[in-house]
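Colleague: Here is what each chain is made of, one letter per residue.
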Amino acid sequence: MTESDVAVVGFAQAPNVRATHGTTNGVEMLVPVFDELLDGTGLSKKDIGFWCSGSSDYLAGRAFSFIAAIDAIGAFPPINESHVEMDAAWALFEAWVKIRTGEVDTALVYGFGKSSAGDLRRTLAMQLDPYFVAPLWPDSVAVAGLQARLGLDSGLFSEQQMAQVAARSRADAQRNPNAQVSGEVQVSDLLERPYVADPLRAHDCAPITDGASAVLLASADRARELRARPAWITGLEHRVESAQLGGRDLTASPSTSDAASAADATGVEVAELHAPFSHQEILLRTAIGLGESTRINPSGGALCGNPMFAAGLSRIGEAASRVWSGEAGKVLAHATSGPALQQNLVCVMEG
Amino acid sequence: MGKQIAAVLGTGQTRHASRRTDVSMAGLCREAVDRAMADAGVGWADVDAVVVGKAPDLFEGVMMPELMLADALGANGKPLLRVHTAGSVGGSTANVAASLVQGGVHRRVLAVSFEKQSESNAMWALSIMPPFSMPVGAGAGGYFAPHVRSYIRRSGAPEHIGAMVAVKDRLNGSKNPWAHVRQSDLTVESVLASQMLWDPIRYDETCPSSDGACAIVLGGESAAQAATQPVAWIHATAMRTEPTTFAGRDQVNPQAGRDAAAALWKQAGISDPLSEIDVAEIYVPFSWFEPMWLENLGFTDEGSGWRLTEAGETAIGGRLPINPSGGVLSSNPIGASGMLRFAEAAMQVMKRAGDHQVDGARTALGHAYGGGSQYFSMWVVGADRPGERS
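Chains S and V, in that order, give the protein sequences.
Mapping to our numbering: the first sequence position 193 is 193, numbers consecutive.
Mapping to our numbering: the second sequence position 94 is 94, numbers consecutive.
Hints may contain errors.
[As the list claims (entries may be wrong)] DSSO-like cross-link-like pairs, simulated, lysine-lysine; straight-line CA separation at most 30 Å:
(1) V:Lys351 - V:Lys3
(2) V:Lys266 - V:Lys351
(3) S:Lys46 - V:Lys266
(4) V:Lys3 - V:Lys266
(5) V:Lys266 - S:Lys45
(6) S:Lys45 - V:Lys3
(7) V:Lys351 - V:Lys175
(8) V:Lys3 - S:Lys46
I should point out that these hints are in silico values taken from the structure, not numbers from a laboratory.
The whole structure should be built from the sequences, with the hints applied where relevant.
Modeller: If you want it as structure tokens, here you go:
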């Protein structure tokens, strides 16, 4: 085996909630998450070879917001550490590479985001081209609405199918104690609700969420010590597309397709997809080539809790936990970033 | 898996200036990228992944600008990673890019870092006062001045040391065609006569605020062997972090910097850095940080870094030339400043440093720090393959 030299061996997350009462950067959420993760593996912070995090200064409304997380770690003696201004799924990619160099044998990856600190829809407009697009303040939900409209008009899916995604997600989330939204709902009832941004209704959109999560990676030898059935990473790939919304086909996700193909997603039994909008789950299933036999988002997915900059990492933790439990032999986790699925990561794990 | 060999194949940087109103952020990055790719002799098809680094997004007012830069950086259809580790980010970006090669994930990686400070207001971006956090409303100089004063008190260094560094770095910068500030006429007396900004830091001992970008192309062993020009082999990389403040923290000689340096020298197989390193590009945004970092990096004993500076040993032609490019004191596009140090170190061992080339440079240090002197990234590059240094 050339790629299965690193495994996911631990996962912990904060409850996904509409708002926490902590500071604007939300690093307080990390303290119990680190405790839970380390306690679960019997490690202390001094045993961690490399730390890598994902977060956003713009979400916290301040420069260098991630520095406060170093206090949450209690990083003295000093730690070997790095940070990506991305969803922490990409921090996990950096940590996976670090273990592959042989320099370290464990890595703790974490992500955090307090969306309630600002106006998320307006904040995300700042991701767009600053010279020609962002000054128009295109709302992030409206941008996703354009994508959904294109998909509907192309006949790729129906509003009913979108509502079915939402209903299934909420039903599954009833078994996830950290979910923000859950419950039994009827598709017909959902379709009677008003539009938020035509053709998106509230249930088609991920809730605004505060949250944090952390994942522990280990090299082959360490992984076997730390967990009876590690989730071996057999493929980890990511790709980006153009930022120009008019410069790409919004009804397809070639970056996801390419990543899934390179990571060998064939035959996955469970897939945790980071789809903040119901129609994006349908687009992603097609892009990855997932059939009816693949169980999608048993955690409830991002529609039931979408902590910015941690939600993608949480997908990896959720998918890995299906391997640890023996529930699945091959799983897939997906993370997305940027407007309308611009950037996508696929992580395939096997027991 | 094991570690693969990695090397710098080429470097590129922009002309640095207070305001580059002639280019967008994308245009600024492309200036550096195009030069780096030409220097490395590679085309877009040769680039497997792109790594972008810059300091806080609030400096330009764009959230995650790497997303909108994907087109200009040729990243579409490829992996794109965005690193952010405060002021050390340029160095960290180079180190992360190196690890993508060393981890056997990619053959060639393009690393880009930039800051276009004129697009927004960096001072404003650093002055937001979040609740429950200690405010530092005096700018970076105001934050670091007490550390400098403490260094002077602890080491007994004479007052003119900071001025000597400023004179040396600005003279070096005048030989660097890309430098923002190019002054060959400073004297120790004139620096000491310049305005006091944050006692003991004077105007002429302070870095400028620059627009600029830096890019490097890294490759594995086969890519390096295919290069038509000399490459800079990566001998070691290191990064360390500690919290900003806590009781007993040594902000003059931070433990994270010492730990990173110790790990770096060990990985590079260096036991006596002062005799084994031929040239060093060190992150010196305020002149007094040269003697401070000389000690922190282990080039001298604690308290005696200034003696090396005073003896003129850190000038080109001295025992350990520091910042022959002019350093951060001559150009400071914050997000790119660390990568500029790493790239200039590579240029020295590739013998492509032009008028500021140090004769006989075969092993070089690139160094960056950030935050409240708490983030450190470093690398050692050499003209020889790792482990074959003569």
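Colleague: Tell me if the straight-line CA distance from Lys351 (chain V) to Lys3 (chain V) falls inside 30 Å.
Modeller: Holds. Lys351 (chain V) to Lys3 (chain V) sits at ~27 Å (cutoff 30 Å).
Colleague: Within 30 Å, alpha carbon to alpha carbon, are Lys3 (chain V) and Lys266 (chain V)?
Modeller: holds (16 Å)
Colleague: Verify the proposed pairing of Lys45 (chain S) with Lys3 (chain V), using a straight-line Cα cut of 30 Å.
Modeller: Between Lys45 (chain S) and Lys3 (chain V) the Cα gap is close to 25 Å, so the pair holds against 30 Å.
Colleague: Are the Cα positions of Lys3 (chain V) and Lys46 (chain S) separated by 30 Å at most?
Modeller: Within the cut-off at roughly 23 Å; holds.
Colleague: Need the status of pair Lys266 (chain V), Lys351 (chain V): alpha-carbon distance at most 30 Å?
Modeller: Distance of about 25 Å is within 30 Å: holds.
Colleague: Are the Cα atoms of Lys351 (chain V) and Lys175 (chain V) separated by 30 Å or less?
Modeller: Between Lys351 (chain V) and Lys175 (chain V) the Cα gap is close to 15 Å, so the pair holds against 30 Å.
Colleague: Would the pair Lys266 (chain V) and Lys45 (chain S) pass a check requiring their Cα atoms to be no farther apart than 30 Å?
Modeller: holds (23 Å)
Colleague: Given the hinted pair Lys46 (chain S) and Lys266 (chain V), is their Cα-Cα distance within 30 Å?
Modeller: holds (20 Å)
When the structure is compared with the earlier hints, no violation turns up for any of them.
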